[in-house]
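Taking the hints into account, I'd like the entire structure generated from these sequences.
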Amino acid sequence: MFEPVLLKNVDLPDGHLLSSYEAGGGYQALRKVLGECTPDEVVELVKQSNLRGRGGAGFPTGMKWSFVPKRTDRPKYLCCNADEGEPGTFKDRIIMERDPHQLIEALAVSGYAIGAEVAYVYVRGEYVTAIRRLEQAIAEAHEKGYLGTGVLGSDFNFAVHIHCGAGAYICGEETAMLESLEGKRAQPRLKPPFPAVAGLYASPTVINNVETLACVPHIVMRGPAWFRGIGPDKSPGPKLYCVSGQVRKPGLYELPMGIPLRELVEDHAGGPLPGRKVKAVIPGGVSAPVIPEPGLEIGMDFDSLAAAGSMLGSAGVIVIDDSTCMVKVATRIIEFFHHESCGKCTPCREGLNWAVKVLRRVEAGEGAPGDLEQLDMLCKGIFGNTFCALGDGAAMGLRAALKHFRDEFVAHIEERRCPFH
Amino acid sequence: MTMREEIEAAAARYPDRRSALMPALLIAQREHGHLPGPVLEEVADILGVERIWVYELATFYTLFHTEPIGMFHLQLCDNVSCMLCGSEDLLTHLEARLGIKKGETTPDGLFTLSTVECLGACEMAPVMQVGDDYHGNLDVVRLDALLDSLRAAAGRFARVEHASAPQPGE
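Sequence lines, in order, name chains X and F.
Numbered according to this note's numbering, the first sequence spans residues 1 to 421.
Numbered according to this note's numbering, the second sequence spans residues 422 to 591.
Straight-line C-alpha distance at most 30 Å; calculated DSBU-like pairs for lysine-lysine: (1) X:Lys8 <-> X:Lys47; (2) X:Lys357 <-> X:Lys344; (3) F:Lys522 <-> X:Lys328; (4) F:Lys523 <-> X:Lys184; (5) X:Lys357 <-> F:Lys522.
Quick caveat, the hints were computed from the structure, so don't treat them as lab data.
Rendered as structure tokens:
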């Protein structure tokens with residue numbers, strides 16, 4: 001029987017207060033690592049757990065931590081990516097609003113592991129409630145000695161600061177986030193150097209997503225074998241799935257990594273709305289290629305979805321039913337990426353602008369023969385040719401819609417109208 | 422705290438004062454309602470950084486407003502999840518009821534209407550942010566009730582402002 005750990009406090013009436021968090025065993029992982037483990041031992045625990053980044057890329061967290069140089073004169077930084085902007089994703093908001101101490105403890109344990117004394121949590125500016133709750137939690141944690149100089153009587157010093165974003169999806173890209181933290185326009189950096197070597201203020205920096213960090217105290221308390229025992233061995237652990245769109249019970253579900261998409265949508269989220277059928281599901285935020293209905297048996301983990309040509313991404317599961325025009329969905333997705341393109345590199349900035357114009361005229365019934373080939377060509381020109389993954393995500397999403405629902409695009413052009421209107 | 426003190430407190434969190442630009446602009450915007458040129462220059466002067474650094478941030482990030490906006494900024498999400506749950510009908514309704522198009526402000530200065538990208542609250546789609554607050558699971562009836570309550574709040578606010586303003590001859 002699967003026991004939720006990440007969401008165990010979120011439905012408590014005062015789950016955001018320190019007293020609730022402590023009553024549920026909170027801050028024991030921090031006590032344990034400070035009393036019993038060297039920093040390297042904590043990194044080793046995380047490596048053994050096979051924890052992979054929940055922000056979207058699925059990079060092994062322990063390996064990322066081990067890239068931080070051992071000997072350096074520069075301070076090391078821990079940055080938490082809480083810019084949650086991938087459409088369809090709301091898991092980190094719920095952790096921060098309703099169980100902020102889970103994140104604060106995770107930051108302290110992770111900071112101890114990598115040798116950082118300062119953490120910045122980059123929270124998107126719209127998340128006002130999350131920001132207030134985190135600030136309150138930081139103050140409470142300081143008062144009880146979980147943060148500050150000499151954490152819990154040890155020689156480990158640790159401070160957590162909130163950095164409030166101001167509305168830019170691109171800040172979810174880790175190097176753009178570092179630029180933004182340095183007070184600049186959020187435009188991605190060329191890599192290498194990777195942030196673990198030269199990140200914030202050119203110092204060694206680890207950047208992890210909220211949910212990724214939240215797993216760490218549980219791995220410390222329950223052990224890496226427990227974590228690896230949940231879901232597929234190469235992509236294990238408890239996972240937060242954000243279900244939204246045309247479905248009976250939208251919401252946040254904590255379930256094992258790798259559960260079939262069909263089970264998530266039909267059993268947990270209640271299936272399609274009355275009288276409707278599921279047509280397609282976007283499994284990991286709008287960057288993730290759409291999966292048409294017959295493919296819903298797929299396991300919700302990094303490797304299974306990648307093998308099927310999609311991706312787990314941020315696990316923002318958007319359910320689309322048979323009343324919806326896929327040309328319209330694709331147009332809206334590309335409008336989003338075009339709006340959020342930072343403007344740094346040409347294929348993304350210009351290619352998406354062009355793609356939006358073509359998609360809008362096709363959707364309006366004013367498409368011309370050759371428009372779909374034009375879109376194919378634009379995807380090819382963008383994919384793999386941009387600084388960061390924003391352009392890739394846009395091209396992958398559009399390609400999948402063009403591939404799986406080409407008949408709908410063709411019908412718009414041939415009938416000179418949207419068949420769904 | 423004064424705006425300057427708040428900005429200095431923010432700057433103390435970073436090893437480099439330029440990093441405090443984003444928090445400083447948020448503080449300044451809360452103080453002034455929006456960010457006209459002289460306010461941007463004041464922020465630059467407080468932090469001792471180049472003015473161009475301030476301008477480029479104020480025009481890059483969507484939460485910064487260099488032009489005045491209404492007392493209530495209605496920010497309706499129209500990204501995929503909200504679109505699938507009916508945000509287009511809500512936009513049509515808002516435009517009709519307020520008599521403005523998206524991107525515009527009502528002549529009385531009460532409401533600015535915008536559509537925004539995903540607010541990260543898709544479990545309660547369709548969603549609209551007004552000021553600091555999220556309003557979810559919206560339909561036309563709930564939307565009307567929300568607009569009415571905002572208008573009432575504005576009326577109370579105006580009366581308080583009027584009562585506390587110095588009267589002529591005092």
